[in-house]
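Let the sequences and hints guide you as you build the complete structure.
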Amino acid sequence: MSPAHQHDVPDDATAEPERFEVAFDGRPLPATAGQSVGSVLTDAGIRSWRTTRTGHRPRGLFCGIGVCYDCLITVDGEPNQRACLVPARPGMTLSSTVPGNGPFETAGDTDD
Amino acid sequence: MTERPRDTASTSPRYDVAVVGAGPAGLAAAVAAAEAGRRVVLVDAGGQPGGQYWRHPDETAPRGDESLGHHDWSTFTALRSRLHGLVRRRRITHLPWRQVWFVERPSVGDEPPAHTLHLTTSYAGADTGGEGPDAVTGDAVILCPGGYDRQLPIPGWDLPGVMAAGGVQALLKGHRTVAGRRAIVAGTGPFLLPVATGLAQAGADVVAVCEAGSITGWSRDPLAAAAVPGKAREALEYATELIRHRIPYRQRTAITAIRGTEAVRSVELSRLDREGRIREDAGTADVDLVALGWGFTPSLELVSATGAATRKDIDDSLVAVVDDEQRATVPGVYVAGEATGVGGAMLAVAEGELAGLMTARDQRAPVSQGNVRTLQKRITRHRRFAAAMHAAHPVPRHWHEWLSPETTVCRCEEVSYRQVCGARDELGAGDARTVKLMARPGMGWCQGRVCGFASAKLAAATEGRALTADDLRPTAKQPFTAPVSLEQLAESPRYE
Chain A
745 MSPAHQHDVP DDATAEPERF EVAFDGRPLP ATAGQSVGSV LTDAGIRSWR
795 TTRTGHRPRG LFCGIGVCYD CLITVDGEPN QRACLVPARP GMTLSSTVPG
845 NGPFETAGDT DD
Chain B
449 MTERPRDTAS TSPRYDVAVV GAGPAGLAAA VAAAEAGRRV VLVDAGGQPG
499 GQYWRHPDET APRGDESLGH HDWSTFTALR SRLHGLVRRR RITHLPWRQV
549 WFVERPSVGD EPPAHTLHLT TSYAGADTGG EGPDAVTGDA VILCPGGYDR
599 QLPIPGWDLP GVMAAGGVQA LLKGHRTVAG RRAIVAGTGP FLLPVATGLA
649 QAGADVVAVC EAGSITGWSR DPLAAAAVPG KAREALEYAT ELIRHRIPYR
699 QRTAITAIRG TEAVRSVELS RLDREGRIRE DAGTADVDLV ALGWGFTPSL
749 ELVSATGAAT RKDIDDSLVA VVDDEQRATV PGVYVAGEAT GVGGAMLAVA
799 EGELAGLMTA RDQRAPVSQG NVRTLQKRIT RHRRFAAAMH AAHPVPRHWH
849 EWLSPETTVC RCEEVSYRQV CGARDELGAG DARTVKLMAR PGMGWCQGRV
899 CGFASAKLAA ATEGRALTAD DLRPTAKQPF TAPVSLEQLA ESPRYE
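So the sequence lines, in the order shown, correspond to chains A and B. Its first residue numbered 745, the first sequence is counted upward by one per residue in the numbering used here. Its first residue numbered 449, the second sequence is counted upward by one per residue in the numbering used here.
Keep in mind that the hints were calculated from the coordinates and are not lab data. Owing to the predicted nature of the structure, the values given are computational and were not obtained by experimental measurement. Each hint can be trusted.
Here are the simulated distance ranges between beta carbons:
no.: 1; chain 1: A; residue 1: 788; chain 2: B; residue 2: 935; range: 25 to 35 angstroms
no.: 2; chain 1: A; residue 1: 772; chain 2: B; residue 2: 828; range: 50 to 60 angstroms
no.: 3; chain 1: A; residue 1: 833; chain 2: B; residue 2: 521; range: 21 to 31 angstroms
no.: 4; chain 1: A; residue 1: 798; chain 2: B; residue 2: 879; range: 19 to 29 angstroms
no.: 5; chain 1: B; residue 1: 757; chain 2: A; residue 2: 767; range: 42 to 52 angstroms
no.: 6; chain 1: A; residue 1: 822; chain 2: B; residue 2: 731; range: 37 to 47 angstroms
no.: 7; chain 1: B; residue 1: 891; chain 2: A; residue 2: 789; range: 29 to 39 angstroms
no.: 8; chain 1: B; residue 1: 516; chain 2: A; residue 2: 822; range: 26 to 36 angstroms
no.: 9; chain 1: A; residue 1: 822; chain 2: B; residue 2: 671; range: 50 to 60 angstroms
no.: 10; chain 1: A; residue 1: 769; chain 2: B; residue 2: 825; range: 51 to 61 angstroms
no.: 11; chain 1: B; residue 1: 630; chain 2: A; residue 2: 760; range: 27 to 37 angstroms
no.: 12; chain 1: A; residue 1: 770; chain 2: B; residue 2: 846; range: 43 to 53 angstroms
no.: 13; chain 1: B; residue 1: 916; chain 2: A; residue 2: 833; range: 40 to 50 angstroms
no.: 14; chain 1: A; residue 1: 764; chain 2: B; residue 2: 822; range: 42 to 52 angstroms
All C-beta atoms in this analysis are idealised placements derived from N, C-alpha and C, irrespective of residue type, glycine included.
The structure is reproduced here in structure tokens:
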């Protein structure tokens, strides 16, 4: 967050939060300051962003509060981050693949 | 205390009281201890205070009225402004975005019996407001880890679009994100109601709330509900909202299968008998969001890491054993909130405040006995309410009969019901720990937090015996209480 956003005064509650874009597998997605990565993906209609190792099953948000690790995603090259926790930042790069390990074998990440 | 060569306890910043968790219990505990003159550190996995119950949009990027969808919001804002004041006066050090990954116990004879909490950030590159310590020591520690939705595997529950009810609620309360357009909310317990009404108010079409139990269960102890009048008001509000949004509340009804290929498309509903067996088909519903919750599972990893005693509570959750002043069975350790027994936020606030006061008293600071008694009475009232709630909303005893052999039990390691049964029938695993070792449920990323309860229930049910605390303990007992990097491990303290 930029220092301009730090405040103590309650009337900031009516101010519009900053809007920006993040990229998911190269696709630009709109985001609002304060949103988690998982929330940005959900707002874009994306329900899953990795597949499981054995059954190749699609996975996205499940517990939504940092407990289940279903929503793991690569954020700015850092693998295995919990999408439900990480706040979206301007220019952030999200990827359904793990660097060096090849793809998670994503199939059908979007459900239009 | 000083001879241990690699003793992080001697180098990490030391506080009178270390509080873990900044939800209802932890906030109240930190504020009470600090106002009683203790120097407090407050460690929280979240980026801002409130925990899961008072999750709200990023305070640095407001999204309209932050109290939207909340109850007891003024209790939170009062605690938050006391916290801010105490942080400004340097009575509380607040460490957000930190998880405790290892608890270093005191050596025998240490006085006070200080614990050192080793910290990792909640995500890589977390904005922790500066460097901050990688460990803190508390002469007393108050553990307020909260809990999360309890889950039961059902066929198709691993499809995208199926979420924990609390996760759906977190998206709404924290981000104003509606997780689906056409939703169904199912499981058991009063928490299903705010999730359903929250979704409807945000514009989703909620086709039903499926309650596996029955609200007539509450009539077993009507005085318990009367003991906490605020809860009756809340229930009335939800009932009014359900009617306003034309959401059917279907009792003794459960989702017994979820269908879809890449995401959920529909659910199959069944009417249940009192024991949770399927009595009859209750139709299907086309949905793109399923919110599931079967009560809550308290987080017991930190409690277990201190070596404090645990027990099975009336709702079959593993909880910490505490005395009537929130002391765990290990010197220097206090526990408050859901980890002492699931009972809701107002109970957690009372327990947290009591724990904060007791750390002060045990460190010889003056504490009003009147305040202590008032809190104990409030706790007793809320406990009675919680007992009635748990009695009315049990996990369906025969839920495992809904499973098919292919049903995923452990989402992380993709262990099926067939494999769990195989560990028992072919390999002779008769308890949860052995099933875990042989079929690997609970061995993945989440370390059994999601399937641990269900695996324990399955082990007990298939042996035809009641669930025991020993069935639940393996999940709570983790060498590390959060995933850590090898770098962190290399710099780690000695651990036994």
